[in-house]
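Protein chains in written order, with the numbering used here: chain A, 603 to 757; chain B, 603 to 757; chain C, 603 to 757.
Some hints here could point you the wrong way.
You can't tell identical chains apart in this list, so a pair holds if it fits in one copy or across any two.
Below, in silico cross-link-like pairs of lysine-lysine (DSS-like), each with a Cα-Cα straight-line distance of 30 Å or less [to be verified]:
#: 1; residue 1: Lys671; residue 2: Lys713
#: 2; residue 1: Lys713; residue 2: Lys734
#: 3; residue 1: Lys671; residue 2: Lys741
#: 4; residue 1: Lys671; residue 2: Lys734
#: 5; residue 1: Lys739; residue 2: Lys635
#: 6; residue 1: Lys671; residue 2: Lys739
#: 7; residue 1: Lys741; residue 2: Lys713
#: 8; residue 1: Lys635; residue 2: Lys741
#: 9; residue 1: Lys739; residue 2: Lys713
Source of the hints: derived by calculation from the structure; they are not laboratory data.
A quick note: this is a predicted structure, and the numbers were derived from the prediction, not measured.
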Amino acid sequence: MSDGTELEHRLDRIESRFAMHELVSDYCHGFDKRDWDRFAAIWWPDAIWDIGPPFGTFQGIEEITDVTKDILWDAWLASSHFTTNLVITFDGRDAANGLCDVDCIGTTSDKQAQTVSASYFDRFERRGGIWKIATRKVKMYHFNPLPGVTLTPPA
Amino acid sequence: MSDGTELEHRLDRIESRFAMHELVSDYCHGFDKRDWDRFAAIWWPDAIWDIGPPFGTFQGIEEITDVTKDILWDAWLASSHFTTNLVITFDGRDAANGLCDVDCIGTTSDKQAQTVSASYFDRFERRGGIWKIATRKVKMYHFNPLPGVTLTPPA
Amino acid sequence: MSDGTELEHRLDRIESRFAMHELVSDYCHGFDKRDWDRFAAIWWPDAIWDIGPPFGTFQGIEEITDVTKDILWDAWLASSHFTTNLVITFDGRDAANGLCDVDCIGTTSDKQAQTVSASYFDRFERRGGIWKIATRKVKMYHFNPLPGVTLTPPA
Numbered sequence: 603m604s605d606g607t608e609l610e611h612r613l614d615r616i617e618s619r620f621a622m623h624e625l626v627s628d629y630c631h632g633f634d635k636r637d638w639d640r641f642a643a644i645w646w647p648d649a650i651w652d653i654g655p656p657f658g659t660f661q662g663i664e665e666i667t668d669v670t671k672d673i674l675w676d677a678w679l680a681s682s683h684f685t686t687n688l689v690i691t692f693d694g695r696d697a698a699n700g701l702c703d704v705d706c707i708g709t710t711s712d713k714q715a716q717t718v719s720a721s722y723f724d725r726f727e728r729r730g731g732i733w734k735i736a737t738r739k740v741k742m743y744h745f746n747p748l749p750g751v752t753l754t755p756p757a
Numbered sequence: 603m604s605d606g607t608e609l610e611h612r613l614d615r616i617e618s619r620f621a622m623h624e625l626v627s628d629y630c631h632g633f634d635k636r637d638w639d640r641f642a643a644i645w646w647p648d649a650i651w652d653i654g655p656p657f658g659t660f661q662g663i664e665e666i667t668d669v670t671k672d673i674l675w676d677a678w679l680a681s682s683h684f685t686t687n688l689v690i691t692f693d694g695r696d697a698a699n700g701l702c703d704v705d706c707i708g709t710t711s712d713k714q715a716q717t718v719s720a721s722y723f724d725r726f727e728r729r730g731g732i733w734k735i736a737t738r739k740v741k742m743y744h745f746n747p748l749p750g751v752t753l754t755p756p757a
Numbered sequence: 603m604s605d606g607t608e609l610e611h612r613l614d615r616i617e618s619r620f621a622m623h624e625l626v627s628d629y630c631h632g633f634d635k636r637d638w639d640r641f642a643a644i645w646w647p648d649a650i651w652d653i654g655p656p657f658g659t660f661q662g663i664e665e666i667t668d669v670t671k672d673i674l675w676d677a678w679l680a681s682s683h684f685t686t687n688l689v690i691t692f693d694g695r696d697a698a699n700g701l702c703d704v705d706c707i708g709t710t711s712d713k714q715a716q717t718v719s720a721s722y723f724d725r726f727e728r729r730g731g732i733w734k735i736a737t738r739k740v741k742m743y744h745f746n747p748l749p750g751v752t753l754t755p756p757a
């Protein structure tokens, strides 16, 4: 039988996994639902968001704020990100690497429906007892129009 | 070191999270695979299912039964719901609010392939030690045809 | 209050759930990213992979290796599998049944974009303390072209 300290360490790992799953989910909820507070809360102030082409790399919460509010939320009239396949590898007690995949469907500013597939390579860090994203690197596999598709809510 | 009671409380939270994830998953399995027992088991008898347009709001397991068997399972010849991004916020020990997103592809009764994106806003309650859905509110972002697509299994 | 042994058993269940979620995720990461080591590591040497039509059933890691490297990775120029709705039912301490759904989009060797929906019916077994897949049975709901769609990464 394990002693309480070891059990508590195992519990901490599990709770940390849920915290990271929530960060990955809140990225989608915050971005798609235009909930800025939710979106901003997932990043450390010095976080790096490396979106890659066609957008670039953004460093620090100010650049992340600017690209989201001034570029990305204009580039997408609407978007739905669906994150799956999250695999977490701990690197000590207070850091972990995450890999997950995202399926995205939405409408760009030219009113064209798009389908996107990408992976997120994340670095999560726990500071002062709180887990947030330190680095998110995006690798896109496709980003293409869905010809003839119009995305609208039911009347 | 925490004492056993606190560890047990933390474990209970985690097990509750898995129970809620299972409810959200069984909604999809039950609905898509036409497994009525699985679908019915996720709802409290007094559950409210607010699907919104074009379907409406249904209160209590009898109305949920009727709309599913008499309307929704006819409206969809086949459907695949993929639920992601589940975020759970506890409201005491025996209640919690859930937010998740669903990507759905399927064929409506007019033989038209459709793509749907929506969020589910859930109220989960634990009664007599069992977690079930007390309220599910659906918000749809799009529900549209996929022109020229036919959805069929491989021969 | 529970004693430590019971708490540890509950923790073991939870850690096992995460291990199985990781297997299901690594199937996608390994297959789609052509990461053979990751893909191979999810299967027991005597694993059965019953893909069904149009591919067939494969028994043992050698057959799984051959079909993946010689047939499936040629059949798909690129693929993105998104696994969701995982429900796990334990069958003793060291075995469990899993049910999950997969949404797949990719390009087949004829350069045609495809959409696939399927379920995976898994048997997970723990041997020597390690969880892997003993059996994966695939049931496909649709596997069809997306006319006019070309899947390419951004420039």
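We went through each hint and held it up to the structure:
1. For the homomeric pair Lys671 and Lys713, the shortest alpha-carbon distance inside one copy (19 Å) is at most 30 Å, but the shortest distance between copies (37 Å) is not.
2. In this assembly of identical chains, Lys713 and Lys734 lie within 30 Å of each other by CA distance neither inside one copy nor across copies; the values are 34 Å within and 40 Å between.
3. With identical chains, the CA atoms of Lys671 and Lys741 are at most 30 Å apart both within one copy (21 Å) and between copies (23 Å).
4. Taking the closest pair of Cα atoms, Lys671 and Lys734 come within 30 Å of each other only inside a single copy of the chain (20 Å); across copies the shortest separation is 38 Å, beyond that limit.
5. With identical chains, the CA atoms of Lys739 and Lys635 are at most 30 Å apart both within one copy (22 Å) and between copies (16 Å).
6. Proximity of Lys671 and Lys739 under a CA criterion of 30 Å is satisfied in both settings, with 19 Å inside one chain copy and 28 Å between copies.
7. In the homo-oligomer, the alpha carbons of Lys741 and Lys713 lie at most 30 Å apart both inside one protomer (24 Å) and across protomers (21 Å), since each shortest distance falls under that limit.
8. For the homomeric pair Lys635 and Lys741, the shortest alpha-carbon distances inside one copy (23 Å) and between copies (11 Å) are both at most 30 Å.
9. For the identical chains of this complex, Lys739 and Lys713 are neighbours both inside a copy (27 Å) and across copies (28 Å), given an alpha-carbon limit of 30 Å.
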